[in-house]
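> Sequence:
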Amino acid sequence: MTSGKGDNVLLTHGARYYVTVEATNGAGMTSRGWSSGFTVDISPPELTEVTAGSKLWIGPTDSLHATWKSQDLESGIDKTEFCVGTLPVGCQIKSMTEKLPNSTDVTCSDCRLNHDGTYYLSIRVTNGAGLFTVIATNGTNVDLTAPSLGDIVPRFYVTSCVTNCTLVSNITGVQDDESGVRRCSYAIRNSTDFVIDFVDNGLSTTVEATGLQLLAGQTYYTVVRCENNVGLTTDRVSSPVIVDNTPPSKGSVIVSEDRTHDVFGIHSSCHLFNKNTAGSLVRF
Numbered sequence: 000m001t002s003g004k005g006d007n008v009l010l011t012h013g014a015r016y017y018v019t020v021e022a023t024n025g026a027g028m029t030s031r032g033w034s035s036g037f038t039v040d041i042s043p044p045e046l047t048e049v050t051a052g053s054k055l056w057i058g059p060t061d062s063l064h065a066t067w068k069s070q071d072l073e074s075g076i077d078k079t080e081f082c083v084g085t086l087p088v089g090c091q092i093k094s095m096t097e098k099l100p101n102s103t104d105v106t107c108s109d110c111r112l113n114h115d116g117t118y119y120l121s122i123r124v125t126n127g128a129g130l131f132t133v134i135a136t137n138g139t140n141v142d143l144t145a146p147s148l149g150d151i152v153p154r155f156y157v158t159s160c161v162t163n164c165t166l167v168s169n170i171t172g173v174q175d176d177e178s179g180v181r182r183c184s185y186a187i188r189n190s191t192d193f194v195i196d197f198v199d200n201g202l203s204t205t206v207e208a209t210g211l212q213l214l215a216g217q218t219y220y221t222v223v224r225c226e227n228n229v230g231l232t233t234d235r236v237s238s239p240v241i242v243d244n245t246p247p248s249k250g251s252v253i254v255s256e257d258r259t260h261d262v263f264g265i266h267s268s269c270h271l272f273n274k275n276t277a278g279s280l281v282r283f
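Take numbering that gives the first Met the number 0: the final residue in the sequence shown is number 283, and no numbers are missing along the way.
Just so you know, the hints here were simulated from the structure itself, not pulled from any lab data. Hints are supplied without guarantee of correctness; some may be wrong.
As the list claims (entries may be wrong) - The calculated DSS-like cross-link candidates involving lysine-lysine, where the alpha carbons are at most 30 Å apart (straight line), are:
id	residue 1	residue 2
1	K93	K68
2	K68	K98
3	K68	K78
4	K93	K78
5	K4	K54
6	K78	K4
7	K78	K54
8	K68	K54
9	K98	K78
10	K93	K54
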């Protein structure tokens, strides 16, 4: 006989037991041997602090990530696995994949995620007795699109200011239906270069750039950049504002006794009349 079985043996969880084998030959001589022992484990492993992190939303450059803690004081952790699904403890996106037994984190860099989808990482740990525990993270949402940004409308389109000037614009609308708008910023530029770099404007829908030094004859633009909660941005440029600090040139007056002298419109449409004379302004 090379094997044996003990039935109806009452064992205690966590206790260690040894099997003793005694053999006697035909001459009545006896020998004994002992097994290396085994521990009774009737409880699954502990799996705690399973989390996908603090981010509720991730973007196109992010990956699903999870961390956890596990232990089994009796038979130890024999296997650790993870899968990814669209439901808690589901594996619709990635099937159960084995990690090192003592692993405490995983990143799924090859998971294909859809915009506005919600995904769960499930962790399964198995102990030396074959018992397992599986827990899923909270859902992680995916935002693959930048926020939408309306028109940037200046309060005025011409200014005569060149020193310590203020440009004011209104943002007609900004929204992000998925992760939400985190903040907006603005910059001022002319036709070729930035006059001031981007300044945080929070979530205000009014841009007020102050202390500007502007050049007569130049055209200036307000650039608004809004960022959502996964770091995607949208830029929008305002209509131009022209700097004009020179008054119009003087016109000349033509005095005529003929009230209809400009019927062909060769002079200005602005006329001066009295009973005896008619006058028109040209280059006015």
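> Taking the hints in turn, state whether each one holds.
Checked hints:
Pair hint K93 plus K68 holds up; C-alpha atoms about 22 Å apart against a cutoff of 30 Å. Among the hinted pairs, K68 with K98 is consistent with the structure: their alpha-carbon atoms are about 14 Å apart, no more than 30 Å. Between the alpha carbons of K68 and K78 the distance comes to roughly 13 Å, so the proposed pair stays at or under 30 Å and holds. Under the criterion of a C-alpha separation no larger than 30 Å, the hint pairing K93 with K78 is consistent with the structure, at around 18 Å.
Simply put, K4 and K54 have alpha-carbon atoms about 54 Å apart, too far for the 30 Å limit, and the pair is violated. For the hint pairing K78 with K4, the CA-to-CA distance comes to about 28 Å; that is within 30 Å, so the pair holds. Between K78 and K54 the CA atoms are separated by roughly 28 Å; this keeps the pair inside 30 Å, and the hint holds. For the given pair, K68 sits about 19 Å from K54 by alpha-carbon distance, which is consistent with the 30 Å threshold.
The straight-line distance between the Cα atoms of K98 and K78 is roughly 7 Å, inside the 30 Å bound, and the hint therefore holds. For the proposed pair K93 and K54, the alpha carbon gap of about 21 Å is at most 30 Å, so the pair holds.
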